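Let's have the full structure, built from the sequences with the hints guiding it.
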Amino acid sequence: MLDYIGIAFLLLASVAFFISSFGLIRMPDVYTRIHVGTKASTIGTILIIIGACFLEPSWSFKLLLLGAFILLTNPLSSSVIARATHNSKKES
Amino acid sequence: MALLIVILFSVSGSLILYRFIVGPTLSDRVVAFDVMSIVSVSFLLILALYFQRELYLDIALVMGLIGFLGATIFGRFIEKGI
Numbered sequence: 001m002l003d004y005i006g007i008a009f010l011l012l013a014s015v016a017f018f019i020s021s022f023g024l025i026r027m028p029d030v031y032t033r034i035h036v037g038t039k040a041s042t043i044g045t046i047l048i049i050i051g052a053c054f055l056e057p058s059w060s061f062k063l064l065l066l067g068a069f070i071l072l073t074n075p076l077s078s079s080v081i082a083r084a085t086h087n088s089k090k091e092s
Numbered sequence: 101m102a103l104l105i106v107i108l109f110s111v112s113g114s115l116i117l118y119r120f121i122v123g124p125t126l127s128d129r130v131v132a133f134d135v136m137s138i139v140s141v142s143f144l145l146i147l148a149l150y151f152q153r154e155l156y157l158d159i160a161l162v163m164g165l166i167g168f169l170g171a172t173i174f175g176r177f178i179e180k181g182i
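Listed in order, the protein sequences are those of chains R and G. Quick note on the numbering used here: the first sequence kicks off at 1 and runs consecutively. Quick note on the numbering used here: the second sequence kicks off at 101 and runs consecutively.
Hints listed in this document are in silico derivations from the structure and should not be mistaken for laboratory results. If you're wondering where the values come from, they're calculated on a predicted model, not measured in any experiment.
Distance condition first, Cα-Cα at most 25 Å in a straight line; then the derived SDA-like pairs of lysine to any residue:
| hint | chain 1 | residue 1 | chain 2 | residue 2 |
| --- | --- | --- | --- | --- |
| 1 | R | K89 | G | L126 |
| 2 | R | K39 | G | I121 |
| 3 | G | K180 | R | S88 |
| 4 | R | K62 | G | L161 |
| 5 | R | K39 | R | R26 |
| 6 | R | K89 | G | F133 |
| 7 | R | K62 | R | M1 |
As C-alpha cells, this is what we get:
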C-alpha cells in the first residue's frame with residue numbers, strides 16, 4: 001500500500017516538473033518565467049521527497065535534510081535573480 | 101511506471117534546454133540553469149530509488165548546493181558586471 005502512495009507522489013511530481021518547464025517556454029517575460037520555473041519546481045521537489053519517504057522509510061533523515069535545504073535556498077536564488085534583473089534594467 | 105516518469109523528465113529537460121539555448125537575455129538563461137539544477141537533483145533522487153543506492157542522496161545534496169551557488173553568483177554578475 002505504501003508503495004502505491006509513493007509512486008503516485010512521484011507521478012504527481014513529474015507532472016509538476018512538466019508544467020514548470022512548459023511554463024518556462026510559454027511565458028512572455030523574465031519575471032513570469034522566474035515565477036513559474038521556481039515555484040512549480042519547488043513543489044515538484046517536495047513531492048518527490050515525500051514519495052521517496054513513503055518508498056524507503058529508512059532514508060528519511062537525509063531526504064528531509066535535502067528537502068529543508070531546497071526549501072530554504074530555492075526562493076532565495078529566484079529572489080536574487082529577480083532583484084539583479086530589476087536593478088540592471090533600471091540603470092540602463 | 102518508471103518509463104512514464106523518465107519520459108516526463110526527459111521532455112521537461114528538453115524544454116528547459118530549448119529555453120537555455122534560445123533565451124533572449126542573460127536572465128532567461130540563468131533561470132533555465134537554476135530550474136535545470138533542481139530537475140537534475142530530483143532526477144538523481146529517482147535514480148537513487150530505482151537502483152537502491154543510498155550514496156546518490158549525498159551527491160544530490162552537493163549538486164543542489166552547487167546549483168544554488170551558481171545561480172547566486174550569476175545574479176551578482178548580472179547586477180554589477182564581472
